[in-house]
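Those sequence lines, one after another, are chains A and B. The opening residue of the first sequence carries number 1 in the numbering used here; numbering runs sequentially from there. The opening residue of the second sequence carries number 1 in the numbering used here; numbering runs sequentially from there.
In short, the hints are calculated from the structure, not lab data. There could be a bad hint or two in this list.
What the hints assert, rightly or not - Derived lysine-lysine pairs resembling DSBU-like cross-links, with alpha carbons at most 35 angstroms apart:
no.	chain 1	residue 1	chain 2	residue 2
1	B	K124	B	K154
2	B	K83	A	K147
3	A	K366	A	K385
4	B	K83	A	K36
5	A	K86	B	K194
6	A	K8	A	K147
7	B	K114	B	K124
8	A	K44	B	K194
9	A	K11	A	K36
10	B	K27	A	K245
11	A	K11	A	K44
12	A	K86	A	K44
13	A	K245	A	K385
14	A	K245	A	K366
15	A	K245	B	K83
16	A	K86	B	K114
17	B	K114	B	K83
18	B	K178	B	K124
19	B	K27	A	K44
20	A	K11	A	K385
21	B	K27	A	K366
22	A	K11	A	K86
23	B	K114	A	K147
24	A	K147	A	K245
What you are looking at is a predicted structure, and each value in this text was computed from that prediction instead of being measured.
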Amino acid sequence: MSDAIATKRSKREARGPYGRVGTAINELDERLGIAKGGRTFLDKIFPDHWSFMLGEIALYSFVVLLATGVFLTLYYIPSSAIVTYKGSYLPLYGQHVTQAFASSVDLSFSVRAGLLMRQMHHWSCDIFVGAMVVHMARVFFTGAFRKPRETNWIVGLSLLILAIGNGFLGYSLPDDLVSGTGLRIAYSIMESIPLVGTYLGFFVFGGNFPGTSMIPRFFILHVLIVPLLIMGLVGAHLFLLVRQKHTQFPGPGRTENNVVGSPMFPVFMAKTTGFLFLVAGVVGLLGAFAQINPIWQFGPYDAARISYAVQPDWYMGFLDGALRIFPAWSFHSFGHTIPLEVTIPAVVLPGIIFNLAFAWPALERKFTGDNAIHHLLDRPSLRPKRTAAGAAVLAFLMILFIASSTDVIANFMHLSLSSVLWAMRILTFLVPLITYPVTYYLAKEMQHAPGSGKRKTTNVVSRSATGEYLAESAPAYDEDVHHELVAKTVPTFIEADLDSDNGVRKVPR
Amino acid sequence: MSENTSRTPVNLQSVRESDPHLQPAAKNPVVVERVIALNFIAAMLSFVGFLWAYIVNAQAWKLGATFGGGMTFLGIGLIAWGKYLMPRGPFVEERHVLASTQGERDAMSDAIVKRGGGVIQRRKFLGGLLGGSMALVGAASIWPLLRSLGPLPKGTLFHTDWRKGAFAVDQSGRRIHKNDLAVGSIVTVFPEGKQDTDNGQAVDQTVLIRLSNEHFTTQKGRESWGPHGYVAYSKLCTHLGCPVGLYEQQLQLLVCPCHQSMFDVTNGALPNFGPAPRPLPQLPLYIDSNGYIRAQSDFHEPVGPGFWERA
Ligand code: HEM
Ligand code: FES
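The task is simple: from the sequences and hints, build the whole structure.
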């Protein structure tokens with residue numbers, strides 16, 4: 001009896017003070033040498049500011065997309081072969097539909113939890129793209145894209161484009177009436193590109209619309225190729241993040257040479273894992289209570305029919321709006337046609353917007369002459385020009401988005417379609433033109449406003465001996481007072497006119 | 001001011017166990033702990049509910065509510081634990097300069113330029129051949145790769161399946177007789193035999209309208225195209241190819257639901273609103289001796305949206 005206890009104790013002692021964990025680490029480290037790097041990783045500091053959460057939302061909705069998407073692949077059949085629908089949704093019973101459509105309807109009615117998975121997949125897609133856009137806005141307005149992080153800005157933008165593209169591909173898979181209409185439009189947009197357009201359309205669709213290979217091709221792109229690209233780029237994005245470390249807002253003790261916040265283990269790990277659950281939970285609740293893409297109501301795709309509720313997913317709205325309000329300016333000459341009414345709003349416009357976004361870090365470096373390394377973030381009001389430019393572009397896109405429902409607005413406000421159309425055309429120019437100066441001067445004002453960038457303090461109410469009440473605001477928070485002192489860039493080294501080998505570091509600036 | 005020193009960031013590795021930075025952030029940890037515990041319990045109950053809902057094959061919303069609810073409780077609990085009950089910090093980590101010394105950079109450039117470049121310089125001819133082969137393998141494989149993806153457009157976009165004498169049939173394949181449509185009504189027609197094909201539905205689709213004769217403007221050269229008040233227009237919107245599926249009977253307008261282009265059917269389907277740049281192509285019709293509606297020929301111009309090769 002006491003012998004048994006003794007052996008137990010001596011065994012425990014033989015394991016050392018860290019027990020099984022210690023043993024495991026020892027064994028692993030002997031083979032892989034993980035201890036040093038592992039400790040650094042566990043100690044990695046993450047800034048506590050809420051805006052750093054936006055990227056996490058994007059990441060975790062992608063995780064939910066992967067999980068729900070794998071479930072869907074098990075039941076969805078990527079085939080345009082015609083079958084007679086014999087499933088449990090009676091209004092469609094006996095109709096001739098494609099296998100893709102039939103299997104998507106079956107997913108919604110016959111597969112247990114299938115409808116929930118479909119709706120969660122679709123909702124997480126919308127949240128994914130939305131979170132990316134907001135994440136990008138925070139990176140833009142705080143200047144987090146500046147040197148040395150230009151590469152990650154480009155990786156992030158590519159992720160946004162891939163996500164939008166994959167969302168569109170996924171939207172087409174159920175082969176319902178609305179998705180087919182979207183594809184028809186996408187085909188016509190390809191066709192509108194001068195010189196190569198018709199070839200592009202024929203090669204992508206395997207012939208004139210609707211072609212022969214749409215569903216199987218788009219399926220493999222949607223479930224394998226694009227997700228792999230996205231995963232690779234997400235990996236690159238996070239690798240660069242760890243290598244370059246986070247940016248941070250100026251604050252007490254925060255400099256260009258450090259990062260202040262919470263350690264990876266356990267604080268950040270707990271919060272971020274909780275966040276994964278929270279995102280999955282919210283997507284689950286949306287999937288439960290907010291119907292999305294009820295394909296059985298739209299019916300199967302039929303090229304000669306159309307639903308009046310043609311609405312693309314939200315992230316395509318700006319393109320649809322641009323196509324609606326652009327005038328009918330087709331160009332015909334020399335035996336050729338350039339459908340400018342399509343090419344400009346649907347090819348040139350997004351081309352300009354995305355290329356401008358890709359080039360922005362380089363443009364800003366060139367125009368400000370600021371080629372320094374930045375780890376401390378800008379308060380948006382301190383960079384009024386950048387902030388105003390970003391706000392103007394967002395306003396422009398927002399108006400185009402609103403323009404994608406001209407008919408709804410006309411109905412709702414009892415206006416004629418043509419007055420709404422003209423109003424949107426004018427607003428497309430007017431709103432950004434007003435947004436720029438307004439934002440610019442607001443930002444300037446905010447720079448000079450007393451207490452700008454500082455939190456409101458409480459009011460201290462006191463009662464004097466005579467019974468009079470006095471309200472005075474408490475002094476600013478300690479951390480806020482320090483702001484202006486620490487936000488300055490402190491040179492980290494002084495260039496010495498020495499050859500590099502003398503133990504003095506010479507870094508070109 | 002103790003508050004002040006405890007808000008100054010410290011290094012995680014050098015912090016002592018009694019340091020305020022390691023204290024939880026919550027003012028009242030006991031209360032927070034209870035709230036978190038409640039969240040975890042609610043999560044467990046939800047997951048049991050989810051399993052139950054799955055087993056009894058409950059509606060989707062019950063599955064979603066239990067699963068999503070459970071995940072939400074779990075997430076909130078865990079976030080609160082991390083935020084309020086774990087070391088409150090703030091901690092600081094030094095940022096090391098990523099850049100190497102100029103000497104290290106030069107060493108790398110040297111390796112590439114001298115070692116690599118030296119080899120090429122001595123064998124310029126071989127280098128040229130290597131570059132040539134690489135360029136050729138690229139050029140020689142790109143086109144086949146693309147070309148295998150689909151047929152060439154050639155003339156495909158310039159004609160439809162409508163032929164001289166083709167009967168106009170509806171979606172079920174029934175031929176349309178001149179007495180079939182009441183004045184003011186409309187039907188989608190296809191060339192006989194093509195109504196069930198992909199191309200028939202996507203490209204040949206045509207709207208047949210019986211107009212009252214009074215307000216009709218006949219376009220030059222199309223005097224014989226609309227017998228008996230029947231006119232036929234391609235159903236593909238000239239903007240982006242949506243089916244022009246809405247007929248405003250009072251205004252005699254065909255409306256495209258995609259971007260609200262409107263075409264005046266009494267006047268050669270000229271667009272009078274919206275982004276569509278061209279009228280809908282008109283199909284020349286005739287009525288045969290038995291009273292059936294047939295095509296005189298194919299459309300005289302490509303149907304649907306514009307493209308480069310179109311004149
Ligand atoms: C980049 C991330 C992704 C995005 C943005 C995305 C988006 C979408 C969207 C919007 C749909 C239409 C949903 C509906 O039926 O209502 C869809 C369908 C689908 N997705 Fe994804 N998805 C992504 C990743 C994946 C992955 C990784 C898989 C599988 C491994 C997948 C498998 C599927 C399948 C099978 C469908 C058809 C479901 C159906 O027709 O009911 N997706 N996707
Ligand atoms: S497709 Fe008809 S108006 Fe755009």
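Taking the hints in turn, this is what the structure says about them:
In summary, the hint linking K124/B to K154/B is not supported, as the alpha carbons are separated by about 44 angstroms, beyond the 35 angstroms threshold. With a C-alpha separation of about 31 angstroms, the suggested pair K83/B and K147/A falls inside the 35 angstroms cut-off, and the hint holds. For the hint linking K366/A to K385/A, the alpha-carbon distance of about 14 angstroms falls within 35 angstroms, and the restraint holds. Taking the CA atoms of K83/B and K36/A, the gap is near 27 angstroms; set against the 35 angstroms cutoff, the hint holds.
Taking the CA atoms of K86/A and K194/B, the gap is about 26 angstroms. The hint holds against a cut of 35 angstroms. Between the alpha carbons of K8/A and K147/A the distance comes to roughly 57 angstroms, so the proposed pair goes past 35 angstroms and is violated. Using a Cα cut-off of 35 angstroms, the hinted pair K114/B and K124/B holds, with the two alpha carbons roughly 15 angstroms apart. In summary, the hint linking K44/A to K194/B is not supported, as the alpha carbons are separated by about 66 angstroms, beyond the 35 angstroms threshold.
Using a Cα cut-off of 35 angstroms, the hinted pair K11/A and K36/A holds, with the two alpha carbons roughly 27 angstroms apart. Proposed proximity of K27/B and K245/A is supported: the alpha carbons are some 31 angstroms apart, at most 35 angstroms. For the proposed pair K11/A and K44/A, the alpha carbon gap of about 34 angstroms is at most 35 angstroms, so the pair holds. Between K86/A and K44/A, the direct Cα distance comes to roughly 57 angstroms. Violation of the 35 angstroms bound is thereby established for this hinted pair.
Straight-line distance between C-alpha atoms of K245/A and K385/A comes to about 27 angstroms, which keeps the hinted pair within the 35 angstroms bound. With a CA separation close to 25 angstroms, the supplied pair K245/A and K366/A stays within the 35 angstroms bound. Distance check on the hinted pair: K245/A and K83/B sit about 21 angstroms apart at the alpha-carbon level, within 35 angstroms; holds. Under the criterion of a C-alpha separation no larger than 35 angstroms, the hint pairing K86/A with K114/B is inconsistent with the structure, at around 72 angstroms.
At roughly 55 angstroms between alpha-carbon atoms, K114/B and K83/B are farther apart than 35 angstroms, so this suggested pair is violated. Distance check on the hinted pair: K178/B and K124/B sit about 80 angstroms apart at the alpha-carbon level, beyond 35 angstroms; violated. Between K27/B and K44/A, the direct Cα distance comes to roughly 26 angstroms. Compliance with the 35 angstroms bound is thereby established for this hinted pair. As the CA atoms of K11/A and K385/A are separated by approximately 68 angstroms, the hinted pair breaks the 35 angstroms bound.
The hinted pair formed by K27/B and K366/A fails the criterion: a straight-line CA distance of about 49 angstroms is larger than 35 angstroms. With a C-alpha separation of about 66 angstroms, the suggested pair K11/A and K86/A falls outside the 35 angstroms cut-off, and the hint is violated. Distance restraint check for K114/B and K147/A: the Cα-Cα separation of roughly 30 angstroms lies within the 35 angstroms cut-off, and the hinted pair is therefore satisfied. Annotation: proposed proximity of K147/A to K245/A holds, straight-line Cα distance about 13 angstroms (limit 35 angstroms).
Consistency with the previously given hints fails for numbers 1, 6, 8, 12, 16, 17, 18, 20, 21 and 22, ordered from lowest to highest.
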